[in-house]
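Given the coordinates of chain A, work out where chain B should sit on it, guided by the hints.
Here the protein sequences come in this chain order: A and B.
Be aware that the first sequence starts at 1, since it is given in the numbering used here, and climbs by one per residue.
Be aware that the second sequence starts at 1, since it is given in the numbering used here, and climbs by one per residue.
Honestly, the hints are just simulated from the structure, not real lab data.
Because identical chains share one entry, a pair is satisfied inside a single copy or across any pair of copies.
With a Cα cut of at most 20 Å, we get these calculated SDA-like pairs of lysine to any residue:
id : residue 1 : residue 2
1  : K422      : E235
2  : K344      : S239
3  : K344      : H206
4  : K344      : Y204
5  : K344      : L197
6  : K405      : L302
7  : K344      : A225
8  : K192      : G88
9  : K305      : Y432
Number of protein chains: 2
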Amino acid sequence: MGLQAQYIRRQGNPDDIPDYTDYRPLDIGSVPARISAYPELVARLGGEPCQWSVREVGDGNLNYVYIVEGPEGSLCLKQALPYVRLVGESWPLPLSRSHFEHAALVRQDKANGSVPEIYHYDGPQALIAMENLSSHITWRHALIARQRHETAAITMGDFIAETLFRTSDLALPADEKKAEMALFSQNTALCKITEDLVFTDPYYDHPLNRWTSPELDETVAGIRADPQWKAAVQELKFSFLTRAEALIHGDLHTGSVMVGEAGGDEDVRVIDPEFAFYGPMPFDPGALIANLFLNVFAQPGLGDKPEIYQDWVLEQIERCFNRANSCFFNLWRTERTGDAFSRKLFEDQGHIDAAEIAMTSFLTRAEEEMLGFAGAKMVRRILGLAGVADFDSIKSRAVRVECEKRALVMARALIVERGSLKNLNAAIERAYKILRDGQ
Amino acid sequence: MGLQAQYIRRQGNPDDIPDYTDYRPLDIGSVPARISAYPELVARLGGEPCQWSVREVGDGNLNYVYIVEGPEGSLCLKQALPYVRLVGESWPLPLSRSHFEHAALVRQDKANGSVPEIYHYDGPQALIAMENLSSHITWRHALIARQRHETAAITMGDFIAETLFRTSDLALPADEKKAEMALFSQNTALCKITEDLVFTDPYYDHPLNRWTSPELDETVAGIRADPQWKAAVQELKFSFLTRAEALIHGDLHTGSVMVGEAGGDEDVRVIDPEFAFYGPMPFDPGALIANLFLNVFAQPGLGDKPEIYQDWVLEQIERCFNRANSCFFNLWRTERTGDAFSRKLFEDQGHIDAAEIAMTSFLTRAEEEMLGFAGAKMVRRILGLAGVADFDSIKSRAVRVECEKRALVMARALIVERGSLKNLNAAIERAYKILRDGQ
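Just chain A, same shape as in the assembly:
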């Protein structure tokens, strides 16, 4: 960022964190009056404020989310609170997360498009008005109900490849990318949640940890005494702390993916990027496949004949990853306009072979690290603060414990053995073995 850009930023760049002095938290009763202040939203809903229905639907851990319906249209209103909704005012969390969520949505929309349409952003109110997706459900709930959304894996593969590639040094000049990185580097409070809840707290006696049954106590003690496991997770945390490779979503689990219909076709959207920052590329695909693996390991508790649906979910993991890889390949070949792996040195010299060698080696390393992140994300959902509906909805305690134990065996394999597993196919084979043998 040159001096010019510095100067402009000081004059009031839209990327500046808003002044929250006039922030007022909404409740169901105050939503219509607030919306009345935004003409484009009034026009979208139609009619008078008294004709608008409002309901609160936030099932995440952080925010309130309102669905507002009027005679002519509807919308979704998401407002950040100055604390964590799940815990309350005792756990403050900056309103600026709404700023980074909006900034990330804009960039993801430009890079890929599979995000909700934004209707209005009110920075100082930490409030984003966007497309109402309340006829969709989360992919997590669809997977628990054993529904088959056949396009989700493909859409997510494209989302992962396009958002990561197009915000990275592969696509952007270094100065542009560094300015983006500096912007999102201010999202420290949300990064810290991941640093703590994913990479730290499950590995020692933190008071907010929870697991569903005392039968896991021994497993937990084993993990905390396992030097290789802890060292490997801390390597992944170091990567999360230091590797500013791309604007990552940062919380890409199956609850951040909405599946539904639009115009008769299946429709898939990615929501909730308030954890976005410049981090390691493999974190996002790792998070998604972690949550798909969790569903696979939960299936014995979710109905009869788990094998059939497990096969389907494991196939989706493979399809999503293969799609992400082939989309990334294609972008590498056609949109490599950034400062990394410059075409000047490869294609422009007729050395396409060297560019392909570089790409293969790049993706090979990313695949191995993705496995590690996936393992870390699995552990945090079984032993950390935030559980996961896939397991929590298993009624039989004995079955649930057995499922969770196997998932933890899988997590260890992904984290500690990622160097020998090396690729996703081997990891999927490993998953089949653990499902069969318990180890």
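Here is chain B on its own, set in the frame of chain A:
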């Protein structure tokens, strides 16, 4: 960085890039009048401005540097120009590099201390007044003259370990480190010089490349047609672009190290950190050992019996690295107060073994990458814009070409074979083989 920090920053944080509206470049004639405006400098020099002698001594590529001597003391005055001194006004370069140099000096002084004392910083004039080290010489010139400064390797080992460790996530909480990273991420123009001159230009037909003799043309063509070499260098560049691990010096060659005497003892200082930013830790030690290797390979052209001095320089490489490693080990054990590899998970649980496993694995990876960076830095000094006195001072063209060819064989080994070399000892053995056999 919280909102509070944001707010303070906007109010005029000393880390803000200065306003350069009133910047005026100095020349020898105008230095005394300028100094008269700084009472602490006037007091240091003593006497009247007419009694001060001023000479220009900058032998770097970027700036003017003045030594000012008065009746009671002396100082060094370094001012940035709005362009690259080596090239002229046709290559503009932001004055803000002086801001980052000063910010880096302050941090290196706090972390380690082996830097010039700062007497005064005038931000808007891009001017740093500091300790006069003109009785010192650069380590490069000492090495060319086959002098033996026995403490340089040790001082540099400590400098590397302490500046890298204490500015990293190993020492700092994540939010503090991210704010530091964001500050230095604005030093894009200087980063770009490294991105271009080290990692890009030597590998294609860039008009600013130069090498000393047409006998190297064939070697150059071979490098540019070598897919593995190019791919490996681009991996290193990606690391340089993305891995915000520590505040690196960014230009730590033997010309940035001053050796001399102070109080009867050998004195070693590190200067010129205007390239500083948050980058990969192995870049600094890689740069230093690269320049020591260059000297080793230049020795046959610098006098009789090169073997004796080559042995000494190779020993300094080993001593410097071993000292950096043992200093880093010690800091890992005693000062790991940051968010990475938190003691909460290791020492506090009595799991010192796990912390040692993590450290060993951390340093093993760093060592391998250091070799790669060293190779890249060797190439740029032989085939890129900026040559190096070690080779340039060899009078016999035939000898020089032979030296440079062997240095390039070494560079390729470091870059392409770093995965099989793995450690510095193997690299030094490789150097001996190349010195002996030419390959």
